[in-house]
Amino acid sequence: MSDTLQDILELCIEALNRGESIEACLARYPQHADELRPLLQTLAQTYEAAVLNVSADVMRHGRARVLNHAAALREQGAAQKGSVLSLGRGFNKAFAALILLLVFVLSGTGLVNASNGALPGDRLYPIKRTWENIRLQFVFDTAEKESLEADFEHKRIEEINKLVSRGRAEEIGFVGQVTGLFPNRLIVSGLNVFVDAQTQLPAGLALNQWVEVIGVTRVDGTVLANQIRVASPGNDNGGNDLGPETPESDSSSQEAPESKTSEPSETPEPRATPKPESTTKSATSQPATPELGKTPELKDEFKLEGIVQQMNQNIWTVSNQLIFVDPAAEINGTIVVGASVKIEGRVAADGTLVATHIELRSSPSAQTPAPTSGGGDDHSGSPTDDHGGDKTPTPDH
Amino acid sequence: MLPTDQQELAGLRRLDQHVISTVYERYFPDVYRYVRFRLNDELAAEDVASAVFIKLLDAVHAGRPPQTSIKAWLIATAAHTLTDHLRMKYRRPQESLTEDLPAESDDPSADVERHERTRTLKAALAKLTEEQQHVLNLRFNEGYSLEETAALMKKNVNAIKQLQFRALAALNRTIGNML
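Chains as they are written, first to last, in the numbering used here: chain U, 402 to 798; chain V, 117 to 295.
Looking at chain V on its own, in the form it has when it is part of the complex:
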């Protein structure tokens, strides 16, 4: 574990507001982007991402802090929390109030097309395995390198290459079937 992680964990254990804010500022964007990539609902993504940080505080407070790195712990917890959220959502489907709308620009028809492509992609993404979704999210949404992704997923680099290849192939097939 990095020395900064250890210092920050000590601060989190003390519930030091300054340290909590620092950890939040550093990692929240990554966690939120990870969650938002798979959820069309902005408010739900905000809830899930906040819940991840609340779980971090609870875990540290209860004497069960991250053992490797804060970032890896947050991303893994984000994946689990997201899965739980989606499972509950499928059990009790609700209409999203904040579903993505095409961004306003000079070319409305291009915006609509892009919006449709994104909707199709996310619908196809949801049909992949958890691991395939995870690797695509980390590599092509979060922008982590092959090595970083391997560390976060606790796999070796070759396994990640193989996984991303299969994930892209599966995503391509699923999109093809949906069109």
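Bound-form chain U, shown alone:
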């Protein structure tokens, strides 16, 4: 009897969930109506007390707390790893290289090969970087060593582009040339690097300087610098240490980035856009590149023509410029990565370029493939890309 009643209660629960009334359900089981009625009324009261919505504030507060805890765990892990690394630094380099070489020979090339595609934050990434260091140790020809170092620096940039395109938050470090200075960001070897009040900046940071950037990629597809220092023989670590985890690592045997001026053609230099208006600026006049931290000479509007290198929700990279696409922006045509576009918009108070009108000039298939020096497995805007028609934003007057 009681088993039957439990089954009937479940049938009534299902009926109520479908929108039937209590009375309709009771009418179907009149012999059990007296027993079922109080239970179903209590059930209705329980439904009334159910928590339906979780407010955005509650979600936000909880998320911040959880992510802060994750950051603390990460720091804890990094500190432990750091202590292990600092022990390692005490060993003779040649001895360490010999041990690693032995491990490599014994374990075969599988692990090193597997680490080739590793990105900062991946388990195999330290193996990738260690193997690069070993390779550098065993190259004795200066020109060959410089070429290898340049390759590794390009790899760092490609890795960061991949992290950014995948929206991964990781600690990163790289060496590059400053090609743009804005109030809240720099362009270093084609990467948009944001700075905030906590970022440690060197005095007299200027265009074309080689710098070492230590920071993080963020889930919103941007790079935030924790520290930027001028890369010079005195403090450069060659751009091939283990990145942010070992910023103070020994660098005496590494080449200074200044020695890599043999590759300026691969560094994306902003080019002034010839404008039909009489207000055209010369190529030597860099648009919107005031000294970092100072209020720029603001222009109300800008125009930009170039290739879309990245599309991360409303943050796009066009001709190495970070563009915030206004949610209300008028977009003509189907824009994809690789498309040539014409953008109009306004310059925000902090120098941010906000697109309000985007027009497709030509789709990727209609263009001549751009030569790249990388593996070409993504379109994440490698700084070595030469898109021919890329133009820097031109503030309107």
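Certain hints may be false.
Straight line, CA to CA, 20 Å or less: simulated EDC-like cross-link-like pairs of lysine to aspartate or glutamate [stated by the list, open to error]: (1) V:187 x V:146; (2) V:171 x U:476; (3) V:270 x V:247; (4) V:171 x V:121; (5) V:270 x U:411; (6) V:271 x U:727; (7) U:563 x U:545; (8) V:271 x U:411; (9) V:238 x U:449; (10) V:243 x U:449.
Example chain V residues on the side facing chain U (calculated, C-beta under 7 Å, incomplete) [what the hints assert, rightly or not]: (11) 144; (12) 145; (13) 148; (14) 149; (15) 152; (16) 162; (17) 177; (18) 237; (19) 281; (20) 287.
Since the hints were made in silico from the structure, they are not lab data. Just so we're clear, the structure is a prediction, and the values are computed from it rather than from any experiment. Think of the CB as a built atom: it goes at the ideal place given N, C-alpha and C, for glycine as much as any other residue.
Dock chain V against chain U, hints included.
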């Protein structure tokens, strides 16, 4: 365990911010609703629900990840954490600063009545056994099916039918005694 769970656990082990955010977005509403159903204090519910996710990170980081499913682990941990919270609250009672207030609508008197009914129900609910509260929460607050509830409580479907029947009967009696 589902392949997505395994991938997410791997991401949680790496403390991958993207994976942590994904897991949080997917499961936090369920965990919060579960906790909030039994706590009148919004801030306390937020604390307890966040603590559940912090425990998940700690467990995965310490090499003690969920063995069945992330959702089942979170709900079970939410139940335990909530019990611990309530035990501490009874030992050191504090005045809630954010006790539920009737929602504002066009009919204030109906709001007050509904608010009173909810208060009475939650007070009665607190007098039930842990298992009875758990089954009512999962089925009628979270909206899980009979089968899902059985899986989460590691019981068979008939046992859940019996448990929910007894829980509703007990709740009805308790409300009757309070009026």
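Verification of the supplied hints:
| no. | hint | result |
| --- | --- | --- |
| 1 | V:187 x V:146 | holds (9 Å) |
| 2 | V:171 x U:476 | holds (17 Å) |
| 3 | V:270 x V:247 | holds (12 Å) |
| 4 | V:171 x V:121 | holds (17 Å) |
| 5 | V:270 x U:411 | holds (19 Å) |
| 6 | V:271 x U:727 | violated (52 Å) |
| 7 | U:563 x U:545 | violated (27 Å) |
| 8 | V:271 x U:411 | holds (16 Å) |
| 9 | V:238 x U:449 | holds (11 Å) |
| 10 | V:243 x U:449 | holds (19 Å) |
| 11 | 144 | holds (6 Å) |
| 12 | 145 | holds (5 Å) |
| 13 | 148 | holds (5 Å) |
| 14 | 149 | holds (4 Å) |
| 15 | 152 | holds (4 Å) |
| 16 | 162 | holds (5 Å) |
| 17 | 177 | holds (5 Å) |
| 18 | 237 | holds (5 Å) |
| 19 | 281 | holds (5 Å) |
| 20 | 287 | holds (5 Å) |
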